[in-house]
Amino acid sequence: SQTIHQWPATLVQPVGSPLSLECTVEGTSNPNLYWYRQAAGRGLQLLFYSVGIGQISSEVPQNLSASRPQDRQFILSSKKLLLSDSGFYLCAWSVRAGTQYFGPGTRLLVL
Amino acid sequence: AQRVTQPEKLLSVFKGAPVELKCNYSYSGSPELFWYVQYSRQRLQLLLRHISRESIKGFTADLNKGETSFHLKKPFAQEEDSAMYYCALSDFGNTGKLIFGQGTTLQVKP
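Chains A and B are the protein sequences, given in the same order. Convert by adding 152 to the 1-based position in the first sequence; the result is the number in this note's numbering. Position 25 of the second sequence, counting from 1, maps to 14 under this note's numbering, and the rest follow consecutively.
A couple of the hints might just be wrong.
Claimed, not checked - Cβ-to-Cβ under 7 Å is the rule here; a few derived chain B residues that face chain A: (1) 7; (2) 32; (3) 35; (4) 84; (5) 91; (6) 92.
Claimed, not checked - Just a few of them, taken from the derived set where beta-carbon distance is under 7 Å, the chain A residues facing chain B: (7) 180; (8) 195; (9) 198; (10) 201; (11) 215; (12) 240; (13) 246; (14) 249.
Derived from the structure by calculation, the hints contain no laboratory data. Please read all numbers here as calculations on a predicted model, not as lab measurements. Ideal Cβ positions, reconstructed from N, Cα and C, are used throughout, including at glycine.
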């Protein structure tokens, strides 16, 4: 069966520090992969999606970037965190445009 | 612009009462609509999608293209229905990307 992992579960980082959040999927090949952010009172916002290795689409201009170095690995990064980057980050996968399955999320607090 | 609006941040009802979680959307084509749910300490998961026309855990949702709405309904709420509910839309393209509403917290009181 398919599973999706995210780590770390929680992270506290100072402003200006780098960020790397990892998401991996098991049990499927060539999934679509997604990064969402949930900020307080703002619902879920799609940040990036990928339909294949090395293919990244950005939905909103921001301080973050994403990479897909392997078929089932999706990484969210930043060179210098801002206070506004605080939030709950969710990774999800799907088979093409089908149902999305979400990971447990990473709670990021930037101080 | 594509948008999903859930006007209620919090909906509080008593057990056994009917529930309606509102969702309105703005989309220029024919979207696919979903309801996702997140129970306490659990992952966000799909509740239902309009093309399936299913009833899941007693919940139904009808797509009303005239009113651009996809309200979630249940005739008799249960305490275990307490959760955060998100309405979302997707185009039928290959990307499958979702646009979510702000979410509504449903609180079912005993």
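Checklist entry - Any CB of chain B closer than 7 Å to the CB of residue 246 of chain A? => result holds, 5 Å
Item to check | Proposed interface contact between residue 91 of chain B and chain A, which counts if any beta carbon pair is under 7 Å | outcome: holds, 4 Å
Item to check | Interface hint outcome for residue 32 of chain B [beta carbon to chain A under 7 Å] | outcome: At about 5 Å, which falls below the 7 Å cut-off, the nearest Cβ of chain A leaves the hint on residue 32 of chain B intact, so it holds.
Checklist entry - With 7 Å as the cut and Cβ atoms as the points, is residue 249 of chain A at the interface with chain B? => result Residue 249 of chain A check passes; min Cβ-Cβ to chain B is 3 Å, inside 7 Å.
Next on the checklist: For the restraint on residue 201 of chain A, tell me whether the closest CB of chain B is nearer than 7 Å.
Outcome noted: Holds, because the Cβ-Cβ distance from residue 201 of chain A to chain B comes to roughly 5 Å (cut-off 7 Å).
Next on the checklist: Does residue 240 of chain A hold up as a contact with chain B if the rule is Cβ-Cβ below 7 Å?
Outcome noted: Hint on residue 240 of chain A: violated, closest Cβ of chain B at ~10 Å, above 7 Å.
Checklist entry - For the hint on residue 195 of chain A, does the least C-beta distance to chain B fall short of 7 Å? => result holds, 4 Å
Checklist entry - Hey, does the residue 7 of chain B contact hint survive, CB to chain A under 7 Å? => result Nearest chain A Cβ about 25 Å off; hint violated.
Item to check | Interface hint status, residue 35 of chain B versus chain A (Cβ within 7 Å) | outcome: holds, 5 Å
Checklist entry - Should the interface hint for residue 215 of chain A be scored as holding, given a Cβ-Cβ cut-off of 7 Å against chain B? => result violated, 20 Å
Checklist entry - Taking the least C-beta to C-beta distance, is residue 198 of chain A closer than 7 Å to chain B? => result holds, 5 Å
Next on the checklist: Does the closest beta carbon of chain A sit nearer than 7 Å to the beta carbon of residue 92 of chain B?
Outcome noted: holds, 5 Å
Hints 1, 7, 11 and 12, counting from the list given before, are not met by this structure.
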